[in-house]
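Which chain is which? The protein sequence lines are V and E, in order. All letters in the first sequence, in the order written, are residues 1 to 285 by our numbering. All letters in the second sequence, in the order written, are residues 1 to 266 by our numbering.
Be a bit skeptical, because a hint or two may be false.
Pairs of lysine-lysine residues, derived as DSBU-like cross-links and limited to a Cα-Cα distance of at most 30 angstroms, are as follows [as the list claims (entries may be wrong)]:
1) E/Lys161 <-> V/Lys46
2) E/Lys81 <-> E/Lys67
3) E/Lys163 <-> V/Lys46
4) E/Lys264 <-> E/Lys108
5) E/Lys104 <-> E/Lys215
6) E/Lys215 <-> E/Lys199
7) E/Lys234 <-> E/Lys134
8) V/Lys46 <-> E/Lys158
9) E/Lys67 <-> E/Lys234
Residues on chain E that point at chain V, a partial pick, calculated with CB under 8 angstroms [what the hints assert, rightly or not]:
10) Thr60
11) Arg61
12) Ile64
13) Pro135
14) Ala142
15) Glu143
16) Gly144
17) Ser160
18) Pro164
19) Ile167
20) Gly169
21) Gln173
22) Lys176
23) Gly180
24) Pro182
25) Tyr183
Pairwise CB distance ranges (calculated) [said to hold, decoys possible]:
26) E/Ile211 <-> V/Ser231: 36 to 44 angstroms
27) V/Val30 <-> E/Lys134: 40 to 48 angstroms
28) V/Phe113 <-> E/Ile211: 23 to 31 angstroms
29) E/Leu129 <-> V/Leu275: 50 to 58 angstroms
30) V/Leu253 <-> E/Asp153: 21 to 29 angstroms
31) E/Lys122 <-> V/Leu253: 29 to 37 angstroms
32) V/Val30 <-> E/Lys161: 38 to 46 angstroms
33) V/Lys46 <-> E/Pro48: 55 to 63 angstroms
34) E/Lys264 <-> V/Gly15: 55 to 63 angstroms
35) E/Ser120 <-> V/Leu253: 49 to 57 angstroms
36) E/Gln41 <-> V/Tyr132: 31 to 39 angstroms
Bear in mind the hints are in silico, worked out from the structure with no lab data behind them. C-beta: ideal position from N, C-alpha, C; glycine also.
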Amino acid sequence: MLLSHNKFESYLFKGLTLVGLFFSLSVFVVLFFLIRSGGHFFLTTKISETLLFDQWFPSEQLFGLAPMIAGSLLVSLGALLISGPLALILAFFYFYICPVKFKSILNIFMDIFLSIPSVVFGLWGLVILVPYLAPLFPPGQGLFTASVVLAMMILPIGFKTFVATFKTVPDEWILAAKSCSLSEWSVFRDIILGEYSRKLVIGFLLQVTRAIGETMAVLMVCGNIIQFPDSLFAPIRTLTTNIALEMSYATDLHRTSLFFCGLLLMVFVFFLLLLSRNESKEEYF
Amino acid sequence: MNIFTLILPLFIFSVSTLANEQQILLTGSSTVAPIMLDIAQAFEKSNPKSTVEIQTGGSTRGIIDVKRGLSQIGMISRDLKKSEKGLKYKTIAIDGLGFVLHSKNPIKNLSKQQLKNIYSGKITHWSSLGWVNKPITVVHKAEGRSTLELFLDYIQIKNSKVKPSLIIGDNEQGIKTISGNPYAIGYVSIGAASYNIKKGVKLKLISLDGIAANKSNIMNKSYPILRTLNLVYKGELSLLGSKLLSFSSGLEANTILDKHYVIKPQ
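Work out the full structure, taking the sequences as your base and the hints as a guide.
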């Protein structure tokens, strides 16, 4: 017997709801897994010391995460400083200035950019960017190089989010501004930066969220030395690259400490998303 | 790219596919991986229904994975330690550890003491070794890599005393790093280095205390840092696994070993 059309639709809807629920819950499964695996580390060491301590020698039971937390934050900040303004200006150009003919080209270009695997960016940094930087600012791999590579990766995310924000700017404002013969620059400065700055924050936050979790691209260009960088070009290690480098051979407490690194990352990302949610009363998602 | 296999979903996926009899997973040393990749290709040609998957992560990962049953065969670029003797192994090749510089660098030979001074931070500029006044970029391996253990053992230095400028994961990353930086020094498998030099990568192997890092010196064992490349496994291998094992040490593998500049054990 065939199901009636309505019945089929209601089954489909219920099924899809279940699938949706499953995927939302899987986040909690990951979190539970991280807490279970990293929890042992949490209980056996003094966390306040670990977070502030700067010596990481797992074989000697020294688990100082401070340099890597600093590395993760600094490299994301560096990437944002490069990519944030660039994405904003590019999005403004795309939405208000760009001739219709070139709009789709720019859009396709951004989509392609967004779909390039991160490893490719890392490889590009390692074989193209680093050889230029190495003789000028030895050793060539470090905070700056990693920031540049990351900036390229997060640029399209900022671009897309900013364009979405611009779509919510009332047309009347722009028309009014144009009829007063205000320049594009004035529109940008007074309307976008002036009135919409709070809504732009979300674009920046989403870029940082993407940057802080990136692993492979950073691993290839950040130098991986555990230290607080003393210059813009000094090598660093981030929480993510630490996991990638050491997980393959880590055992016991060392292994749980790496899960703890993952837990920390998850906490960072969670807060960033919470912030961006607060900033955006309009729903883009 | 075989280097970037730490991505968890892929890893889980590959483990779950192990249930299929016709697939076999090898994990471990990034020194052995490129050789096994070529051997696996030849093997798949003569056994059309089989798939060999290879992932890197260092010798220690190879051992751990085999012990936990995550992979059937581990690739190890060192001799087995006493605590690992419970595992069975087969030596497929002999390789040396070579020190490499960018091809622009005129230095052809370094002594053990000079290397120790470079890696402990006592020599920081190339001018002390008779070249330009530029800082040396000291490339070092991440912990858990057998190439690192071999290096520390030869230089006689503790890992915490090494003052590196950069830390790399696997051989391929090291080769790209050094060939892209004229002032860098690093150490990689002689086989991997020779293979890349032949392909035109801007790299060169230097002599150690006057002994050149070449095939004949490995063969007559005069080169000071030698190691075996092994495949390890636990208990009884599957039919496909034992086939691959004998293939790797058989006649068909000879040309591949030659191509990778490693020596077949006598």
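Structure-based check of all given hints:
1. E/Lys161 <-> V/Lys46: holds (26 angstroms)
2. E/Lys81 <-> E/Lys67: holds (14 angstroms)
3. E/Lys163 <-> V/Lys46: holds (28 angstroms)
4. E/Lys264 <-> E/Lys108: holds (27 angstroms)
5. E/Lys104 <-> E/Lys215: Satisfied, since the Cα-Cα distance of roughly 23 angstroms is no more than 30 angstroms.
6. E/Lys215 <-> E/Lys199: Given that 30 angstroms is the threshold and the Cα spacing comes to 17 angstroms, the pair holds.
7. E/Lys234 <-> E/Lys134: violated (50 angstroms)
8. V/Lys46 <-> E/Lys158: It holds: about 27 angstroms lies between the C-alpha atoms, which stays within 30 angstroms.
9. E/Lys67 <-> E/Lys234: Holds, at roughly 7 angstroms.
10. Thr60: holds (4 angstroms)
11. Arg61: holds (4 angstroms)
12. Ile64: Where the cut-off is 8 angstroms and the nearest Cβ of chain V is about 7 angstroms from E/Ile64, the hint holds.
13. Pro135: With Cβ-Cβ at 5 angstroms, under 8 angstroms, it holds.
14. Ala142: Result: holds, 5 angstroms to nearest chain V Cβ.
15. Glu143: Constraint on E/Glu143 satisfied, holds at 7 angstroms.
16. Gly144: holds (3 angstroms)
17. Ser160: The hint holds - E/Ser160 has a Cβ within 8 angstroms of chain V, the shortest such distance being about 6 angstroms.
18. Pro164: This interface hint holds because 6 angstroms falls under the 8 angstroms limit.
19. Ile167: holds (4 angstroms)
20. Gly169: Nearest chain V Cβ about 6 angstroms off; hint holds.
21. Gln173: With a minimum Cβ separation of about 6 angstroms from chain V (threshold 8 angstroms), the hint on E/Gln173 holds.
22. Lys176: holds (5 angstroms)
23. Gly180: With a minimum Cβ separation of about 4 angstroms from chain V (threshold 8 angstroms), the hint on E/Gly180 holds.
24. Pro182: With Cβ-Cβ at 6 angstroms, under 8 angstroms, it holds.
25. Tyr183: Holds, about 6 angstroms.
26. E/Ile211 <-> V/Ser231: 36 to 44 angstroms: holds (39 angstroms)
27. V/Val30 <-> E/Lys134: 40 to 48 angstroms: Given range 40 to 48 angstroms: holds, Cβ gap about 47 angstroms.
28. V/Phe113 <-> E/Ile211: 23 to 31 angstroms: Between V/Phe113 and E/Ile211, where Cβ atoms are some 50 angstroms apart, the hint is violated.
29. E/Leu129 <-> V/Leu275: 50 to 58 angstroms: holds (52 angstroms)
30. V/Leu253 <-> E/Asp153: 21 to 29 angstroms: 25 angstroms Cβ-Cβ, so the 21 to 29 angstroms window holds.
31. E/Lys122 <-> V/Leu253: 29 to 37 angstroms: Since E/Lys122 and V/Leu253 have Cβ atoms about 34 angstroms apart, the given range 29 to 37 angstroms holds.
32. V/Val30 <-> E/Lys161: 38 to 46 angstroms: holds (39 angstroms)
33. V/Lys46 <-> E/Pro48: 55 to 63 angstroms: holds (58 angstroms)
34. E/Lys264 <-> V/Gly15: 55 to 63 angstroms: Taking Cβ atoms as reference, E/Lys264 and V/Gly15 lie about 59 angstroms apart, which means the hint holds.
35. E/Ser120 <-> V/Leu253: 49 to 57 angstroms: violated (29 angstroms)
36. E/Gln41 <-> V/Tyr132: 31 to 39 angstroms: Given range 31 to 39 angstroms: holds, Cβ gap about 35 angstroms.
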